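Student: Order-wise, the sequence lines are chains B and G. Heads up: the first sequence at position 52 corresponds to 52 in this note's numbering, and the numbers run straight through without jumps. Heads up: the second sequence at position 94 corresponds to 1094 in this note's numbering, and the numbers run straight through without jumps.
Simulated from the structure, these hints should not be mistaken for laboratory data. Computed from a predicted model, the values in this text were never measured in an experiment. Take the hints with a grain of salt, since some may be wrong.
Stated by the list, open to error - Under the rule of at most 27 Å between Cα atoms (straight-line distance), these lysine-lysine pairs were calculated in the BS3-like manner:
1) Lys-101(B) to Lys-1039(G)
2) Lys-95(B) to Lys-65(B)
3) Lys-200(B) to Lys-1187(G)
4) Lys-95(B) to Lys-1060(G)
5) Lys-1060(G) to Lys-1180(G)
6) Lys-101(B) to Lys-1060(G)
7) Lys-200(B) to Lys-60(B)
8) Lys-1039(G) to Lys-2(B)
9) Lys-1039(G) to Lys-1072(G)
Unchecked claim - Just the calculated beta-carbon pair ranges, DEER-fashion:
10) Pro-1098(G) to Gln-48(B): 19 to 27 Å
11) Phe-1040(G) to His-185(B): 53 to 61 Å
12) Ala-1109(G) to Arg-138(B): 31 to 39 Å
13) Ser-1232(G) to Leu-275(B): 52 to 60 Å
14) Glu-1043(G) to Lys-65(B): 23 to 31 Å
15) Ala-1233(G) to Arg-138(B): 32 to 40 Å
Said to hold, decoys possible - Which stretches of chain B does chain G cover? Using the computed rule of at least three CB atoms under 8 Å from a CB of chain G, they are:
16) 69-81
17) 114-123
18) 145-159
19) 186-192
Backbone N, C-alpha and C define an ideal beta-carbon position, used for all residues, glycine too.
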Amino acid sequence: MKRTTRNRLVAYSFLLPNFIGFLVFTLIPVLAALGLSFVKWDSYSPMQFVGLRNFQIMLKDSSFKIAFWNTLYFTGLTVPLTIVVSLMLALALNKGLRSVKIFRAIHFFPHVASTIAVAVVWQFLYHPDMGPLNQFLRMIGITDPPRWTASTTWAMPAVIIMSVWKSAGYYMVMFLAGLQGIPPHLYEVATIDGATVWQKFRYVTLPLLTPTLFFVLTMNLIYSFKVFDQIYIMTQGGPGRATMVLVYYIYMQAFINQNFGYASAMAAVFFLMILGVTIFQFRLQEKWVTYLD
Amino acid sequence: MAKRRILVLIPILVSSFLMLLPFAWMLSASLKTNIEVFKFPIEWIPQNPQWQNYVTIWSKIDFGLYYFNTIKLTVIITMLQLATCSLAAYAFAKIDFPERNALFVAYIATLIVPFQVIMIPQFILFRRLGLVNRHLALILLQAFSPFGVFLMRQFYLSVPNELVESARIDGLSEFGIYRKIMLPLSKPALASLTIFTFVFVWNDFLGPLIYLHSGNLRTIQLGIRMFVSQYSAEYSLIMAASVCSLIPVIIVFLACQKYFVEGIALTGLKG
């Protein structure tokens, strides 16, 4: 048997168990997702091709617009906050503390804990009248603390704070790995040259951390766009539509209202958002990311 | 020097405290009566701990069944993932065949498509297959993850090709190489994949929310959600249930922290 043919046979026998599942349950749905966005279908009457109608409806649907802006609002605050917090934590932990592992574990744990359980706890903590957070705020003299998840103004910040708390440790671990990859001799050289702490950070640490920063930024953006669990538990998109985000609205339209076509069209827009941001990121990467090799 | 240590230590201690605070509050509330839960100032260690809360939850809802369902799903999905992903990854990393790159690109391309984008066509497909409201739907959905293939391949790439080549010259079959050389070498990667899958399946909410409708199929996350909506004023019981839902993850996390961190480095930074 020819070497290529033999290799092919062997390779496919290794691939097959995974590939069949991947093809049927991931690849085909990916392709079908696009097609579904051009139909009207409530799953009871027959599927009907409607061209771009779903997208036109979207433009007039105030809930979609709100969900779209809320997703940007959530992402726009969560991403920078998480990055600043996790980077500062990583920098502090990297300063040769002896018990790095314990602190790393403590910060990483909220990321591993189930969002559902954690969101339930935060919902209690945020309770406007009885919650420990507001009781504490009243104790220190804030007589009229925010009503958090019960207020249209504060519900989104409440979800954002909880989300930053939950994921900061995860990105901190990534930053720590990035920091440990910076060759120590660069700092020695900088010290000999008389660089200050700030100069070392600005001209050694920061440039060499940009690959990690790039990765963290990309991941964090995608994760934030996908926010769902904590919204479902803490606010159900409310009060009113104050925390209605895209995935929540897509879920409602698809699985509660059975508007599969319309929900698919929104899912397509949602995907384009993610794709657009990711491509933009990779384009921009050349401008600011420094690779050591 | 010592002064700088302290300067660094203080913010770390403060943030560690903030990270643990909600968990401490949860644990403390789970051992109180409903009236005591919101008492202020907080009584962190309840004078009269209500241990029976941890007994009541098992009879108030079908918590045992939810636990069992979740363990069942987690174990089956994790085993299937380990088997199928490590095999496929071997082909991608160590066998030279014409379609290798094209197929791998298909895997990678779907890696950036979030579940939320394809959940609708997947659901329609599963409904056609008559699998909605069955655990099998979630198993099939999560057992063949492109992420697992990617993670394992990244690790296999770091195994020198010479090792594989010399085994081939020695007459070992490809499956023999996979089983006798690659699998033993890739224990850390397998451990990372096991933990990621375990935590993902254990904590998954949207998947079960879409597919599992009958009460007897619920996973623990759905169970907690249901508990909250049915007994919204049973604060301490809700907290006790939440603590119980976290315990397996805490154990796995404490035992295998190293692999979490290694797995992150493997999938992320070597990208």
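Student: None of the hints should be skipped; say for each whether it holds.
Tutor: Going through the hints against the structure:
no.: 1; hint: Lys-101(B) to Lys-1039(G); result: 35 Å, violated
no.: 2; hint: Lys-95(B) to Lys-65(B); result: 46 Å, violated
no.: 3; hint: Lys-200(B) to Lys-1187(G); result: 38 Å, violated
no.: 4; hint: Lys-95(B) to Lys-1060(G); result: 49 Å, violated
no.: 5; hint: Lys-1060(G) to Lys-1180(G); result: 50 Å, violated
no.: 6; hint: Lys-101(B) to Lys-1060(G); result: 39 Å, violated
no.: 7; hint: Lys-200(B) to Lys-60(B); result: 52 Å, violated
no.: 8; hint: Lys-1039(G) to Lys-2(B); result: 78 Å, violated
no.: 9; hint: Lys-1039(G) to Lys-1072(G); result: 39 Å, violated
no.: 10; hint: Pro-1098(G) to Gln-48(B): 19 to 27 Å; result: 42 Å, violated
no.: 11; hint: Phe-1040(G) to His-185(B): 53 to 61 Å; result: 54 Å, holds
no.: 12; hint: Ala-1109(G) to Arg-138(B): 31 to 39 Å; result: 53 Å, violated
no.: 13; hint: Ser-1232(G) to Leu-275(B): 52 to 60 Å; result: 40 Å, violated
no.: 14; hint: Glu-1043(G) to Lys-65(B): 23 to 31 Å; result: 47 Å, violated
no.: 15; hint: Ala-1233(G) to Arg-138(B): 32 to 40 Å; result: 22 Å, violated
no.: 16; hint: 69-81; result: violated (count 0)
no.: 17; hint: 114-123; result: holds (count 8)
no.: 18; hint: 145-159; result: violated (count 0)
no.: 19; hint: 186-192; result: violated (count 0)
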